[in-house]
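Enquirer: So the sequence lines, in the order shown, correspond to chains E and F.
For the first sequence, the tail end lands on 481 under the numbering used here, and the numbers increase by one without skipping.
For the second sequence, the tail end lands on 134 under the numbering used here, and the numbers increase by one without skipping.
Hints listed in this document are in silico derivations from the structure and should not be mistaken for laboratory results.
Computed from a predicted model, the values in this text were never measured in an experiment.
All C-beta atoms, glycine included, are put in the ideal place defined by N, C-alpha and C.
Hints may be right or wrong, so weigh each one.
Okay, derived cross-link-like pairs now, DSS-like style, lysine-lysine, Cα gap no bigger than 25 angstroms in a straight line [to be verified]: (1) Lys-204/E <-> Lys-73/E; (2) Lys-133/E <-> Lys-103/F; (3) Lys-366/E <-> Lys-126/F; (4) Lys-36/E <-> Lys-16/E; (5) Lys-204/E <-> Lys-174/E.
Partial list, computed: chain F residues near chain E (C-beta under 8 angstroms) [claimed, not checked]: (6) Ser-11; (7) Thr-16; (8) Glu-19; (9) Ile-20; (10) Leu-22; (11) His-24; (12) Ser-25; (13) Val-27; (14) Arg-28; (15) Ala-31; (16) Val-32; (17) Ile-54; (18) Pro-56; (19) Ala-58; (20) Asn-101.
Have a look at the derived ranges for each label pair, beta carbon to beta carbon [as the list claims (entries may be wrong)]: (21) Pro-100/F <-> Gly-383/E: 34 to 40 angstroms; (22) Tyr-81/F <-> Ile-60/E: 55 to 61 angstroms; (23) Lys-204/E <-> Pro-56/F: 36 to 42 angstroms; (24) Pro-86/F <-> Lys-36/E: 52 to 58 angstroms; (25) Tyr-81/F <-> His-272/E: 32 to 38 angstroms.
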Amino acid sequence: MTTYFHSVTLDAEKCKGCTNCIKRCPTEAIRVRGGKAAIIEERCVDCGECIRICPNHAKIAVTDTLERIHAFKKRIALPAPALFGQFDEDVPPDAIIQALRDIGFDEVYEVAAGAEAVTVGSREFMKQNRLRKPWISSACPAAVRLMQVRFPSLLEYIMPVESPMEISARLARKAFSRAGLKVGEGDVGTFFISPCPAKVTAVKQPVGEDVSAVDGTIAISLIYPEILKRVSKMKGVSGLRRASRVGYSWGRSGGEALAIAPGKMLAVDGIHSCITVLEEIERGRLADVEYIELQACVGGCIGGCLTVLNPFVARVRLRSLVERLGGEPMAVDENWAAGAAAEGFFSLRSEIRPRSVMALDSDVTKAISKMQALEETLKGLPGLDCGSCGSPSCRALAEDIVRGTAAETDCTFKLRERVQVLAEQVVDLARRLPPPMAAGQHTPGATQGAAQADAGGAGGGSDPGNAGGNAGDPGKVKGAK
Amino acid sequence: MDFQSAGTGASRIKRTLQEIGLDHSIVRCCAVCAYEAEMNIVIHAWRGILRARISPEAVEIVAEDEGPGIRDIVLAMQEGYSTAPPHIREMGFGAGMGLPNMKRCSDEMSVESEPGIGTTVRMTIKTGRPHPSK
Ligand code: SF4
Ligand code: SF4
Chain E
1 MTTYFHSVTL DAEKCKGCTN CIKRCPTEAI RVRGGKAAII EERCVDCGEC
51 IRICPNHAKI AVTDTLERIH AFKKRIALPA PALFGQFDED VPPDAIIQAL
101 RDIGFDEVYE VAAGAEAVTV GSREFMKQNR LRKPWISSAC PAAVRLMQVR
151 FPSLLEYIMP VESPMEISAR LARKAFSRAG LKVGEGDVGT FFISPCPAKV
201 TAVKQPVGED VSAVDGTIAI SLIYPEILKR VSKMKGVSGL RRASRVGYSW
251 GRSGGEALAI APGKMLAVDG IHSCITVLEE IERGRLADVE YIELQACVGG
301 CIGGCLTVLN PFVARVRLRS LVERLGGEPM AVDENWAAGA AAEGFFSLRS
351 EIRPRSVMAL DSDVTKAISK MQALEETLKG LPGLDCGSCG SPSCRALAED
401 IVRGTAAETD CTFKLRERVQ VLAEQVVDLA RRLPPPMAAG QHTPGATQGA
451 AQADAGGAGG GSDPGNAGGN AGDPGKVKGA K
Chain F
1 MDFQSAGTGA SRIKRTLQEI GLDHSIVRCC AVCAYEAEMN IVIHAWRGIL
51 RARISPEAVE IVAEDEGPGI RDIVLAMQEG YSTAPPHIRE MGFGAGMGLP
101 NMKRCSDEMS VESEPGIGTT VRMTIKTGRP HPSK
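One chain only, chain E, in its complex shape (with noise of 0.2 angstroms):
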């Protein structure tokens, strides 16, 4: 079995346990087991829904620390063009750009840039491939991996295109070898500035390529203190700046899809809410749409939980940059990047694979049965959802019964109703007293055998009162209802 690498952790001394966090996860990743949330591997997509919702801040983020640039000689940094939306307008992408650098990276260049190049390159494939519709974005990683969880069906709709992140680093390592410098390959290298954990997965575990051009992730909350203290100083810094507009939107939801096809796309933005979106596609329902963005986080990356502004507000910084730049061509030479695309330069290099952790079992006729099992499993449990047994929802309990990782006593109210039941036989049992004692009330042959084979049958049958006669299974009970 595949091991997969998260972003996403538990800091396990701060978890309460409280299950808030359970609820909140797209792929019903997140279990508390022994008062301590565990996380499911296979199924996390690193979205961070986790990181935002936990009240006493348990789940992180992984990423790396400013340090580890130095372990190369030569240091490029990809700034997600979310970053430039966390500043006002005092500080331009120059300033911003400038500050990367007196921090120690000998190189800047802005994914905005990169996803210009992207702009381009996703435009020639859709006037290549214009029969299957409508085409995925591939530039979340969070939407991807919940794709390859949820909806393996539409893989083949993700548009085989790399993320501006890869295609930034690998024009960044050209523009830096043509500018003479010279050091090895592996001399250089190349640090994306995030907004996320999803984009730090990515980096260490890519889906659509094998390595990752990028080496490492700085989280934009890590390092907008140290940028913030020296834009302040700056003054008239001018002429760093590559990309355009169209770059920079991408920043926010809605900019990438309407760089990129306007008219006939969709922005969805919002782990939950691209959730609905794919089922409508699933079902056919979007074929008239030619392209479809998908963000994981609420307002797109300018909303990522490694972001330090509120989203809104970053959101309204991020505009009104995009107005300042006005309508200025696109960084990138088009000719080129049409050429580029034609000779593959912008193509995922492998398959998007699904990732088969929904089944309940290898064996189609055992998983079968085993979803019988469920379904009498689920309507036993009182159908709360409160989440107190630790599983997200009843029918993820009744899942995880299944599969043999949690007991059904794990329901309070279960547990409750067993408690109840052995209480009343106690007292049932409490009030028999021995044949020598209790001349008259036994007949003789149905003994003492009998009760202790089966005390709540036999406990029902001297008091009917109490219903002790089929509360020694209470899974009868309720299936009687």
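Use these hints to put chain F with the ligands onto chain E, whose structure you have.
Expert: Just chain F with the ligands now, kept in the frame of chain E:
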């Protein structure tokens, strides 16, 4: 008419099939069939039941409703033919693709209907091989 919960039956069927581990192209066909059948009930019928019977060889989806029924089944099977009222069409449903879509996505399909009483649609999707007409 309950548009609010329309699609939940189909979603549950889809999830169940996915957990049984059927090939995703099969699951997808079943999802389309179940959804279209469910929508037909929601749009046209008074009440109805959507059921799926699952065996290792095939999935059978049965949609049984009490409703106005279909007067001319042959006509109803034609693409684009619809009796859905305008306000339903405005919502993007009732484009007359329901039955044809179900037919396209299933291996066998039968429609029985009695005007004024109701309609029963049965669809069989075989699990043996990836479905060709997805
Ligand atoms: S939300 Fe999840 S991770 Fe956070 S404290 Fe509660 S159970 Fe633990
Ligand atoms: S929307 Fe952007 S920030 Fe959020 S998970 Fe996707 S790529 Fe990351």
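Enquirer: The structure should be examined with respect to each hint, and the outcome stated for every one.
Expert: Hint check:
1. Lys-204/E <-> Lys-73/E: holds, 21 angstroms
2. Lys-133/E <-> Lys-103/F: Holds - the C-alpha atoms of Lys-103/F and Lys-133/E are around 21 angstroms apart, at most 25 angstroms.
3. Lys-366/E <-> Lys-126/F: holds, 18 angstroms
4. Lys-36/E <-> Lys-16/E: At roughly 6 angstroms apart (the allowed maximum being 25 angstroms), Lys-16/E and Lys-36/E satisfy the hint.
5. Lys-204/E <-> Lys-174/E: The hint holds at about 22 angstroms.
6. Ser-11: Interface hint status for Ser-11/F: holds (7 angstroms vs cutoff 8 angstroms).
7. Thr-16: holds, 6 angstroms
8. Glu-19: holds, 5 angstroms
9. Ile-20: holds, 4 angstroms
10. Leu-22: holds, 7 angstroms
11. His-24: holds, 4 angstroms
12. Ser-25: Check passed: Cβ of Ser-25/F comes within 6 angstroms of chain E, closer than 8 angstroms.
13. Val-27: The hint holds - Val-27/F has a Cβ within 8 angstroms of chain E, the shortest such distance being about 6 angstroms.
14. Arg-28: holds, 4 angstroms
15. Ala-31: holds, 5 angstroms
16. Val-32: holds, 5 angstroms
17. Ile-54: holds, 6 angstroms
18. Pro-56: At about 5 angstroms, which falls below the 8 angstroms cut-off, the nearest Cβ of chain E leaves the hint on Pro-56/F intact, so it holds.
19. Ala-58: Hint violated; Ala-58/F Cβ to chain E Cβ min 11 angstroms, cut 8 angstroms.
20. Asn-101: holds, 7 angstroms
21. Pro-100/F <-> Gly-383/E: 34 to 40 angstroms: Taking Cβ atoms as reference, Pro-100/F and Gly-383/E lie about 37 angstroms apart, which means the hint holds.
22. Tyr-81/F <-> Ile-60/E: 55 to 61 angstroms: holds, 57 angstroms
23. Lys-204/E <-> Pro-56/F: 36 to 42 angstroms: Holds - the Cβ-Cβ distance for Lys-204/E and Pro-56/F, about 39 angstroms, lies within 36 to 42 angstroms.
24. Pro-86/F <-> Lys-36/E: 52 to 58 angstroms: holds, 56 angstroms
25. Tyr-81/F <-> His-272/E: 32 to 38 angstroms: holds, 36 angstroms
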